[in-house]
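Residue numbers (the UniProt record's numbering), protein chains in the order written: chain A, 1 to 303; chain B, 1 to 203.
Incorrect hints may appear among the rest.
[To be verified] Dumping the calculated SDA-like pairs for lysine to any residue here, alpha-carbon to alpha-carbon at most 25 Å: (1) A/K91 - B/P15; (2) A/K91 - B/T21; (3) A/K215 - B/K169; (4) A/K180 - B/T65; (5) A/K147 - B/Q170; (6) A/K180 - A/D242; (7) B/K199 - A/K147; (8) A/K215 - B/K151; (9) A/K91 - B/Q170; (10) B/K199 - A/K215; (11) B/K169 - A/Y185; (12) B/K151 - A/Y185; (13) B/K151 - A/R202; (14) B/K199 - A/F223; (15) A/K180 - B/E150; (16) A/K91 - B/E150; (17) B/K169 - A/K91.
What the hints contain is simulated information worked out from the structure, not anything from laboratory work.
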Amino acid sequence: MTAQPTDIATYNFAYLDEQTKRMIRRAILKGIAIPGYQVPFASREMPMPYGWGTGGVQVTASIIGPDDVLKVIDQGADDTTNAVSIRAFFKKVANVAVTTETAKATIIQTRHRIPEHPLTSGQVLVYQVPIPEPLRFLEPRETETRKMHALEEYGLMHVKLYEDIARHGRIATTYAYPVKVEGRYVMDPSPTPKFDNPKMHRSPALQLFGAGREKRIYALPPFTDVVSLDFEDHPFEVQTFDQPCALCAAENVYLDEVILDDHGGHMFVCSDTDHCEKRREQGHRGRLAPETPLALEKTEPAQ
Amino acid sequence: MDIVTQAIEGGFADPVFDAQTVFRAVMDAMARPGTLQPLPVFARPPAPLSATAGAIALALCDNDTPLWLDPVLQAPVAVKSWLGFHTGAPLANTPADAHFALIATPAEMMALDGFSQGTQDYPDRSTTLILQVGDLVSGAPLLLEGPGIEKTASIAPAQMPRHFVEQWKQNNQRFPRGVDIVLATPDGVACLPRTTRIKTMEA
């Protein structure tokens, strides 16, 4: 094995040992061959707690090579704790290049968003998944949910969506919205907002899902049919926002609400920070954007 | 002494990065059926195991994955000892026990349904077939469609199993059970996962 020039020799490349990587790689290949099916794998303890992306980290560690460029996002943002620490982790253990630009990345690890910038065919999107089983909250027994997948028995999921309509007048599920893959497996797209579901459908990028605590890997090859479940009289629809991003004026993107003060002031801004910054660089200005790109501090009215 | 030398030499020069490169080629091939993902020569296994098939075995197999070898690979001791030394993979008693099957002469291979198909509950417990083929252009043309393929893809792998189109149709019908095929050519790798459908060209 070639030693890396830096002090990372104490760990194998990308942290995991080679046998673990082979095991995960075999699971990834099966996942790609059976789109939407959750492949069990021997998830390892990682140097971070469950819920912080141990599944996604193991998938990324198993596919990443020295030439890859990694981007990590947490709810669309490159600069939040989870994204920063996972990016730093791979910089340390794999010595790979990292970026915040969607277009420049070859591997994008994500927690619950799909970037606004369209993905391309060379890219791999790795999702961190908390509960991979879409039927888990309807049927807690693994033996039963496994049988339901085997028999393609998904009536329970439709009952759940129907009960939403009966109670709220519409399908009230807004994230982790169940999808059907290639007309066969019902899959949990991880807790992404349903806004992102249409981006999964026939995406040119390979999408891999890793659930560390639940020990499951699943995948969507490029150009795979991913259809959000719905009813003829209650078709699937995504969230809409009645105002554009307050910083970059983008429309038809997913927005986060940001509280500005304790007097009820708030604004809606792009959840995808890279997308928002790119637009501001191009000169797009929203309602609350500072005049010059560098003057980021807003002058708050004196209390 | 010859056998010992042959068993020990010809593995990955750089196991970590070579394995990663080979895996990424197989992963990309599996995600985009019908495309040839180029691979340089990383392994020099004893004949008749090809360099590409040998490299795939080194990248994916270990003591957790029983291997099945077709009669041509089964015969020379050198192949078995090379795979044994480098991967530690046990040999499967029957094709249905194998996680991976290495096949040097696909044209003479047994039927696809003789290998493990997985179960309806665990369709991942199936055999992945690694077929050594000469090229992807000189055989009968196959028009492919399915996940991973934008519209259609076309390959014409040489030396494919007998009645392959018919066998593959049956493999499709068993979905989600079924085998996946990795085609190892001298210059790269292409895949036929169980979701790929072969369009018959009569119109």
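Hints numbered earlier in the text: which of these fail when held up against the supplied structure?
3, 4, 6, 7, 8, 9, 10, 16 and 17
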